[in-house]
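These are the residues of each chain, in order.
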Amino acid sequence: MNRFRWIFAGSILTFVSAWCGLVLLPVWGLGDFEQVPDPGTGEMIPPELSSLEERGRDVYVADGCIYCHSQQVHPARARTDIERGWGSRRTVARDYMNHGRAQMGTMRTGPDLSNIGVRNPSETWHFLHLYNPRITSPGSIMAPFPFLFEKRKTGAGGASPDALQLPPEFAPEEGYEVVPTEDVRALVAYLQSLKLSSYDVPEAAKARIETKP
Amino acid sequence: MTPSDPEAVRKSRQERLEVDRAARWPVGMFLGSSLFWLLAGSVLALLASIKLHNPGFLAEAGWLTFGRVRPAHLNTMAYGWLSTAGIGIGLWMLSRLCRVPIADHSSLTLAAVLWNMGNAVGTFGILRGDSTAIEWLEYPTYAAPFLLASFAFVVLAGVNLVRNRRPGHIYISQWYIFAAFFWFPMLYFTAHGLLVLLPVQAPAQPPVNWWFAHNALGLWFTPIGLAAAYYLIPKIIGRPIHSYYLSAIGFWSLAFFYAWNGMHHLIGGPYPAFLITASVVASVMMFIPVVTVAINHHFTMKGHFKALLWSPTLRFVVFGAMSYTLVSVQGSLTALRSVNHVTHFTHYTVAHAHLGVYAFASMSFFGAIYYIMPRLLEREWPSRWLIRLHFWPSAIGIAIYWLSLTHGGGLQGLELNRGTTPFMEIVELTLPYLGARSVGGSLMALGHAAFAASFIWMLARRGLQGAEATLFKRRAEEAPDTLTARS
Numbered sequence: 001m002n003r004f005r006w007i008f009a010g011s012i013l014t015f016v017s018a019w020c021g022l023v024l025l026p027v028w029g030l031g032d033f034e035q036v037p038d039p040g041t042g043e044m045i046p047p048e049l050s051s052l053e054e055r056g057r058d059v060y061v062a063d064g065c066i067y068c069h070s071q072q073v074h075p076a077r078a079r080t081d082i083e084r085g086w087g088s089r090r091t092v093a094r095d096y097m098n099h100g101r102a103q104m105g106t107m108r109t110g111p112d113l114s115n116i117g118v119r120n121p122s123e124t125w126h127f128l129h130l131y132n133p134r135i136t137s138p139g140s141i142m143a144p145f146p147f148l149f150e151k152r153k154t155g156a157g158g159a160s161p162d163a164l165q166l167p168p169e170f171a172p173e174e175g176y177e178v179v180p181t182e183d184v185r186a187l188v189a190y191l192q193s194l195k196l197s198s199y200d201v202p203e204a205a206k207a208r209i210e211t212k213p
Numbered sequence: 001m002t003p004s005d006p007e008a009v010r011k012s013r014q015e016r017l018e019v020d021r022a023a024r025w026p027v028g029m030f031l032g033s034s035l036f037w038l039l040a041g042s043v044l045a046l047l048a049s050i051k052l053h054n055p056g057f058l059a060e061a062g063w064l065t066f067g068r069v070r071p072a073h074l075n076t077m078a079y080g081w082l083s084t085a086g087i088g089i090g091l092w093m094l095s096r097l098c099r100v101p102i103a104d105h106s107s108l109t110l111a112a113v114l115w116n117m118g119n120a121v122g123t124f125g126i127l128r129g130d131s132t133a134i135e136w137l138e139y140p141t142y143a144a145p146f147l148l149a150s151f152a153f154v155v156l157a158g159v160n161l162v163r164n165r166r167p168g169h170i171y172i173s174q175w176y177i178f179a180a181f182f183w184f185p186m187l188y189f190t191a192h193g194l195l196v197l198l199p200v201q202a203p204a205q206p207p208v209n210w211w212f213a214h215n216a217l218g219l220w221f222t223p224i225g226l227a228a229a230y231y232l233i234p235k236i237i238g239r240p241i242h243s244y245y246l247s248a249i250g251f252w253s254l255a256f257f258y259a260w261n262g263m264h265h266l267i268g269g270p271y272p273a274f275l276i277t278a279s280v281v282a283s284v285m286m287f288i289p290v291v292t293v294a295i296n297h298h299f300t301m302k303g304h305f306k307a308l309l310w311s312p313t314l315r316f317v318v319f320g321a322m323s324y325t326l327v328s329v330q331g332s333l334t335a336l337r338s339v340n341h342v343t344h345f346t347h348y349t350v351a352h353a354h355l356g357v358y359a360f361a362s363m364s365f366f367g368a369i370y371y372i373m374p375r376l377l378e379r380e381w382p383s384r385w386l387i388r389l390h391f392w393p394s395a396i397g398i399a400i401y402w403l404s405l406t407h408g409g410g411l412q413g414l415e416l417n418r419g420t421t422p423f424m425e426i427v428e429l430t431l432p433y434l435g436a437r438s439v440g441g442s443l444m445a446l447g448h449a450a451f452a453a454s455f456i457w458m459l460a461r462r463g464l465q466g467a468e469a470t471l472f473k474r475r476a477e478e479a480p481d482t483l484t485a486r487s
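Taken in sequence, the protein lines are chains A and B.
Quick note: the first sequence, position 209, residue 209 per the working numbering, numbers continuous.
Quick note: the second sequence, position 130, residue 130 per the working numbering, numbers continuous.
Note that these hints are calculated values from the structure, not bench results.
Yeah, the Cβ is synthetic: ideal placement off N, Cα and C, and Gly gets one too.
Careful: at least some of the hints might be erroneous.
[Stated by the list, open to error] Computed beta-carbon distance windows for the label pairs:
id	chain 1	residue 1	chain 2	residue 2	range
1	B	Trp392	A	Thr124	20 to 30 angstroms
2	A	Arg3	B	Pro240	12 to 22 angstroms
3	A	Arg5	B	Trp457	40 to 50 angstroms
4	B	Val155	A	Leu24	44 to 54 angstroms
[Unchecked claim] With a cut-off of at most 20 angstroms between alpha-carbon atoms, the simulated EDC-like pairs for lysine to aspartate or glutamate come out as follows:
id	chain 1	residue 1	chain 2	residue 2
5	A	Lys153	B	Glu60
6	A	Lys153	A	Glu43
7	A	Lys206	A	Asp38
8	A	Lys206	A	Glu34
9	A	Lys195	A	Asp38
10	A	Lys151	B	Asp130
[Stated by the list, open to error] Not close to chain A: a few residues of chain B, all C-beta gaps over 10 angstroms, as computed:
id	residue
11	Ile267
12	Leu333
13	Ala395
14	Ala449
15	Ile456
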């Protein structure tokens, strides 16, 4: 008897069993969400990303923000996550339907970003923080992103209105200024759009009640 | 294994010699290039590690930013080092155990070239900013065709060996390698298709992602690592494996339960509870394959632990096998919701991953390469001191790595769960442990450098040409005959 046939058949069968359970089933059950009208305003939620926000998401993906930042008010930790101000309710699967590439994340070397658009809407703050996190957050170990900014000679008419207002120890040498590139503008627009707990999707009511302290 | 008939012994030697000579090129190419990726991955690892406690280090350029270097490290190690070495080790063992010389020389040469191109293109892609940010699948989509095409040739070569095998018993290592050669391409194809090529909606992506990522270890590196342990431990100490039945139970329970494990990476997340529970149960059930394999290996080794003193291969492989037990038990426990509630989102998980991928898989593969290369080249390793300089820094390095991040990650998790602890305090709390990780990682990199030096020196034909194997100690009187280089 050719027993390799049995080994082959058996290992394909065990593989397929898990494939059905852990791939097919989630794709069926979680892969087909639709937008719903907001009960208050009637707008369709969760909203789609604008093209600028989408470009920002691509920067977020390319530069690997996910390796330190999650994007979920984690259901199992909702109480402490909310206590930290990371969101007003736990996030649910539908919240992510328009994200294109999932960025829920598995690591919290840095704080959660699911609602960073609510927590910190200031564009200026994000520019400074991305240029060098130590400007706004002393003690941070986050990577700086100087390559998302352009260092250029200050024009004859003085500093341009876009130039970052950098504290002296972070400022470039005399006669130079630092301005944001399109990439970092898009990234900040994306971060500002992250308000996952803000939408009143059908699952949200339950998500809120469950997390009352 | 030890027929008394001298003619049979001579024939069996001759057969192994032919098998090894036929494997020299195809297997040698995979093993040699895996070493390049091991070194590249080590450099990327150190960069990433240092950046976590010195964020300003080499931060000017985009291609060296943490969020690119880290996935580049993971992928060069997973696909460049472990998979490349795994293919070589798998093909060699399959050829030995089927007792058929490898015939597909040109297709395997092409496979090795394609595989390395895939890795080069993929790593370059991540660094230039095309990473997919899907954990364990960061190589951009243009690297995938190289990898898949290459693997098709590998599977074909494996199938040819099995079809042409000499009649006789099918050894457990053959089961593992044969199955893994099918599991890996199915995993990669499914995951790449559903996540990168034609992505499913975002909420469904993490389950597919973690089904893949967990099985890359469970159904690809693990079977090759176990196959190596099952093959090499009996070979070196010169006695058969303790129990045939235990190895069969171990194989089937691994095949079934490991495949269902992945969702424990999503415990507590916004997914249906039954999905997570299925994986928690399967993770705990992993005790069955793990304990059977541990018992089987232990009773095979029993009374022969002294051999660890002189056999480099055995020392690496047994270190790997023991780490397999440790990492699996840790994994089963970490999959419990109560434990996971502390450890998820922390450096603890990173430590756990390295215990599996390094202390188990990499150390086992090192051991296998120490065994295979002298047989391929008919030449010995040049220096026992270099092998020592590989083993000890690697072993001590991973110990420091695992202990520091497990402890630091645990503390981090406890504080994260205390909503009143300011976040920056948690960052400060982890800093010493992140520093210790760089120390451990540097030691591991030192070990790899010694390994590479040894390998290159050997290739440069400066190794001992004699029949005596390079052992940590001179061969003891009672050492079995299987220790000589070309048995």
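Against the structure, the hints come out as follows:
1. For Trp392 (chain B) paired with Thr124 (chain A), a C-beta distance near 52 angstroms fails the hint of 20 to 30 angstroms.
2. At roughly 19 angstroms, the beta-carbon separation of Arg3 (chain A) and Pro240 (chain B) lies within the given 12 to 22 angstroms, and the hint holds.
3. Distance hint check: the CB atoms of Arg5 (chain A) and Trp457 (chain B) are about 45 angstroms apart, consistent with the given range 40 to 50 angstroms.
4. Take Val155 (chain B) and Leu24 (chain A): their Cβ atoms lie about 24 angstroms apart, and the range 44 to 54 angstroms is violated.
5. For the hint pairing Lys153 (chain A) with Glu60 (chain B), the CA-to-CA distance comes to about 18 angstroms; that is within 20 angstroms, so the pair holds.
6. Distance hint between Lys153 (chain A) and Glu43 (chain A) is unfulfilled; the C-alpha atoms sit about 46 angstroms from each other, more than 20 angstroms.
7. Restraint check for Lys206 (chain A) and Asp38 (chain A): satisfied, since their Cα atoms lie roughly 16 angstroms apart, inside the 20 angstroms limit.
8. Pair hint Lys206 (chain A) plus Glu34 (chain A) holds up; C-alpha atoms about 18 angstroms apart against a cutoff of 20 angstroms.
9. Distance hint between Lys195 (chain A) and Asp38 (chain A) is fulfilled; the C-alpha atoms sit about 15 angstroms from each other, no more than 20 angstroms.
10. Only pairs whose Cα atoms come within 20 angstroms are accepted, and Lys151 (chain A) paired with Asp130 (chain B) is rejected, the gap being roughly 24 angstroms.
11. Once the 10 angstroms rule is applied to beta carbons, Ile267 (chain B) is inconsistent with being away from chain A; the minimum gap is 7 angstroms.
12. For Leu333 (chain B), the shortest C-beta to C-beta distance to chain A comes to about 17 angstroms, beyond the 10 angstroms cut-off, and the non-interface label holds.
13. With a minimum CB-CB distance of about 27 angstroms to chain A, Ala395 (chain B) clears the 10 angstroms threshold, and the non-interface call stands.
14. For Ala449 (chain B), the condition that its CB be more than 10 angstroms from all CB atoms of chain A holds, with the nearest at approximately 26 angstroms.
15. Every C-beta of chain A lies more than 10 angstroms from that of Ile456 (chain B), the closest at about 33 angstroms, which supports listing it as non-interface.
Against the hints set out earlier in the document, violations occur for numbers 1, 4, 6, 10, 11.
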